[in-house]
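Chemist: Can you make the complete structure from the sequences, with help from the hints?
The chain contents come next:
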Amino acid sequence: MFQVLVNGIIVGGIYALITIGFNLIYSAVRFYHLAYGAVGILGAYLTYQIQKFIFETQGGGLITGFLLGLLISSIVTGMLGILIWKFLYRPLRKNGASNVSMIVASFGLLIILQNLIGLIFGQSAKTIRLSEVTTQGYEFLSASITKNQILILIVTLVSVFVFELFLHRTKIGTAIRAVGQNSQLAAVVGVKTEKVIYITFFIASFLSVLASSLIALEISLKPTYGLMLILKVIVASIIGGIGSMRGALVGGLMLGVAENFGAYYFGSQWQDTVAFGLLVIFLLVRPQGLFKK
Amino acid sequence: MLMNKQKHILLATMLTVVVALVLGGCSTKVANLSQEKIKLGYVGPLTGDLASIGNDEKRAIQLALTASGRTDIEVIFEDSHCNGQAGSNAAQKLVNVDQVQLIMGAGCSDATLAMLPIIQQGQVVLFSSLSTSPELTKVGGEYFFRNAPSDDKATEVLAKLIKNKKIALVSENNDFGQAFLNDLKVKLAEFDTTPVADEIFNTGTTDYKTILQKVKESKAEVLAVISNSPVSNGLVIKQAKELGLEMAYYGTDSIAGSEFSDTAQDAAEGVYAILVAANTADDRVNKLLQLYENTYLEGPASDAYTVLSYDRMNIVLKAIDAVGYDAEAIRNYLHTINYDGLAGYTSFDENGDSSILPLVLRFEDGELVPVQQ
Amino acid sequence: MSLLQIKNISKSFDGLKALHNLSFNVNDGEIVGVIGPNGAGKSTLFNAIMNHINKDSGDIYFDGINITKKPTHPIAGMGIVRTFQDSQPLPQISVQENLDLAFKYQTDISLVSVFGRHKFLQEEQQVHFTKIKELLHEVGLGSKLNVQAQDLSYGQGKLLEMLKVIASDARLILLDEPFSGLFPEMIKLVTKLIYDLSASGKTILLVEHNMQLIEEICDRVIVMDAGQKIADGDFKTVTKQQNVIDSYLGK
Amino acid sequence: MDFIVQLAIYSAIASIAAVSLNYVVGFTGIMSISHASFYGIGAYGTALLLTKTGLSFVPALLLGVLITGLVAAFASVPILRLREDSLMLVSVGFALIIHSLMLNWQSLTNGPRGVKSIPRPEIFGISLTDKNFYLVLCLVLLVLTIIIFYKITKSPYGTVIKGIRENEEVMKNYGYNVSKYKHSVFVLGAIFAGLAGGLFASYIQYISPESFILLPSVFMLIMVILGGMGSIGGSIIGAILITVIPELMRFAGLPSSFAAESNQIVYGIILFALMYWRPQGLFGKYKI
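Protein chains in written order, with this note's numbering: chain A, 1 to 293; chain B, 1001 to 1373; chain C, 2001 to 2251; chain D, 3001 to 3288.
Quick caveat, the hints were computed from the structure, so don't treat them as lab data. Worth double-checking, as some hints may not be accurate.
Some chain C residues close to chain D (C-beta under 8 Å, calculated; not the full set) [unchecked claim]:
| no. | residue |
| --- | --- |
| 1 | THR2072 |
| 2 | VAL2081 |
| 3 | GLN2092 |
| 4 | ILE2093 |
| 5 | ASP2100 |
| 6 | LEU2101 |
| 7 | GLY2157 |
| 8 | VAL2238 |
We put the beta carbon where it would ideally sit given N, CA and C, even for glycine.
Modeler: And the structure:
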């Protein structure tokens, strides 16, 4: 039983990490950036490629290869995130596109990105690993956690903590929150909203690559994971409260735990039903989610 | 009123585009008849979850064709997207427009079952190396052949191996998984053994730790993974080892191949596989896998289906040489053939099912080695 | 007997008292002005009457019937219509369709009516229908029937909104700043339309900032400030009251 | 020529679904992504009735459509409480729940193995094994659908639902019971989706949950958006294009190694470009 909770928290941690990025973008530009899942997976593929390059040709260690790959691909994908806003979404918004047409456009982008990944990296699954040997998890309180999971937990906690600090302590952080609250007002007060949106897209894409690469440790990489991830992220962000950072954290964890308990008691084939049942219930009972007023 | 004029122009262009495309369709048909090249069809999952195995099939056909040196034969590859409507369209196009007499393919039973009425009506031979669902034996019809053995043979072998042990079954919630699972349960019941755990997971599931937790609590001695996706097989076994489940692992035919070993890596050690055709003891198989790796710079996602598809192409070539390119003649010829293929001696019974029997193999330091029962 | 009775309704949005036990009556056939500084709660009053927002306390009676808790559409069905502050007609449908929607006699709209035999407008409806056609030409919208409403100018949009009010043939009409943003000759046209309405026995509640128009049109004036009624009477006496002047000068 | 006839049949069935979706999304502004689920319920309803109860084609199809209507009536209560993007999301949630019911309610739907050998329909004794007769059946039903929806959208009722699309609050102010209209629009749209589903099932003679998952709903939405919101002719052309073009791409002779992915990329580009240049679609009058 406790093991199921542990599994839920670890998966939930990853969902939370991605949902934070997703909510950040939503609060800045007010629409669901569906292609966000594919951006993260693209970044994870980059991490895989860099790690393979370092490990096989440069003879570097798996872990150093992974960390270096993570850093490089997060920055590169962060740039990509900015370009996506600047050349794809902003012209649409300037053209007077409504929220609904922005969602439809971003779904189109998701399909394009997913198939580009399929073309470039091929359809077969790729694996990122940190050690040659599959090591058995460490036992404590009748639950076992593997090395990867511990790393995921640590990185999730650290990035959530650093992110909260960044958001509330630094100037840019407050600017992002101001734009999130009310972009017109922020503009009036002199916040350069355009620059803030760039930073938001950079950070969000950075986080999504981080989380997608971590997930790849557990479930390897396939081009179709983008859609799967974004559906989970939407559920988590609605539960937590669309646009709120703390909501993203709680929403992600709740989704992870709910899915795992659903799988445990009803069988894993009902896992998605539990997740989307939760989405429907929250949209009806509390559409603004847990943390929004 | 600009709005209306603009609308009429757009309407007109749209209609001309559609008409042009449709006519385009017909004109290529006329062109085909003039060339005397023999046209074979292939319909399989080139996108979607089974894309990697579909690509294996396609590459195996291309390898066999180049190896045979035949220039008078051309294979038209169509993607079934693992979906009924696309599969039936692909088959209809091949039968109706390309006038093929024989189609290789049919992977996901969605596309297969949607193609069967077209095959039977068009009286074209359908030769599959991927669909193993036992239900096709009855429904296939006289034009349906397959050299991949029906699952009821595999379940027989597996049932004998794991009878009266504490068994945990983890199966994928798709046509292959559920058909195999139900068949296996029936066979196990004959040996009056009932599984201690019976978990089903949706296609595309990636986190199996919670299912495996239930398997752990069921104190099973044997874990049988029933899925035709190499990634799912790999993840289940890897996560089971991470959870410290000490039990014998059994998998099905999609275990042999790079995609599974990449995902499971060293966790694959000691895993039993009930599978067909990846018998590495036969050096023709090794030569083919090596040829595949040299040509495509990566190992096949599944050795079994690559070998079966390779055999299939050679069987079709043999049939055409023997009786000419006519569906009726090929159909009768296939009933009489006993081909010495990489997957073993292949002959077809009256339902078109193949005589090939699955072997029991075991992963020993990265290699699949046959195990004597 | 007064047509509309507001009995000490109050409504606060987390602390801000939008309406604070406000009470007043409007008699049949009267034109009553509602004035007060911005944020005095005028629009909130209209929202409260139409039950767009539910009230914290108090009751509203229309023609003697308690409509406090009724959903918006039955209230409108009883013969009340309201315009929104800078309301424009529905944009992506034609002027004709906008009018049809407001036309009171378009009652039994159901799927059955689509396929059933098309009921011919009774004589009384026919009269009403021709009257609107005339008004359309009068205000210069006669030629724009099939134009998408979004292609009209702001002024023409406001005029169309007034015509929709007339078409609805409602007994009580809540006008929320019908004159705002209009050129002088448009204001004359709207004023004429209001007089026509009043002449045909309609009761009007008019929210407006333009004081001359209020003085010219209204029989009686209610002054609101911070959600409370601070004066109720004819224009002259009310504008002399000290507390009204203070509220406007922002003391 | 069977290939062309089969394409025509699939286009006609897709057009019926697209026109009914346009009635819900284009005319009334209810952004529902669960249309393929009703298409699926219609298909399963008809297929199960045909295979399990031995009913003949016409009663099975009508009953299948009725069942879809009932399910839609229940589903519309939660779905229509929301608007715009949250309605889209709850309808996605509903679609996925229906899909997993199809997948896991094995006793009823035979789960992932789907429903096999659905008999080809017999109407008044004419057996429709011949594709041409089936095409005639589909075209007759398509024409019927067009007439019905044309008549509705041109009638005063049509004006009311267009008014609801524009602004629900204003419509309430004029005394219209907005939720009653939205429910009846949602259910009628679902009924025609069920009809299309029933026709699809008895033509393809095998259905499984895979063909009714999220993607078909999105494809239907693309048909309506491409064709044009609020234009019946537009949705039909959109349906024909989305059904026919990928099949004709088979002739384009693209090397199949990247033909499959490039098809999908073309859809993505169509979606994005449309939202930029013509959000109202080719023939539509209303921007989403």
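Chemist: Quick one, is the C/ASP2100 hint okay against chain D at 8 Å, beta carbons?
Modeler: holds, 5 Å
Chemist: Quick one, is the C/GLN2092 hint okay against chain D at 8 Å, beta carbons?
Modeler: Holds: closest Cβ of chain D sits about 5 Å from C/GLN2092, inside 8 Å.
Chemist: A closest beta-carbon separation below 8 Å is what the hint needs, so does C/THR2072 meet it against chain D?
Modeler: holds, 4 Å
Chemist: Quick one, is the C/LEU2101 hint okay against chain D at 8 Å, beta carbons?
Modeler: Given a least distance of 5 Å, the restraint on C/LEU2101 holds.
Chemist: Tell me if C/GLY2157 is really an interface residue toward chain D, meaning its C-beta lies closer than 8 Å to one of theirs.
Modeler: Violated, because the Cβ-Cβ distance from C/GLY2157 to chain D comes to roughly 13 Å (cut-off 8 Å).
Chemist: Regarding the hint that C/VAL2081 lies at the interface with chain D, is the smallest CB-CB distance below 8 Å?
Modeler: Hint on C/VAL2081: holds, closest Cβ of chain D at ~7 Å, below 8 Å.
Chemist: Grab the minimum C-beta distance from C/VAL2238 to chain D and call the hint holds if it beats 8 Å, violated otherwise.
Modeler: For C/VAL2238, the interface hint is violated, since the closest Cβ of chain D sits about 29 Å away, which is over 8 Å.
Chemist: Any CB of chain D closer than 8 Å to the CB of C/ILE2093?
Modeler: Because about 5 Å separates C/ILE2093 from the closest Cβ in chain D, which is inside the 8 Å limit, the hint holds.
In the structure shown, a violation is registered for the earlier hints numbered 7, 8, in ascending order.
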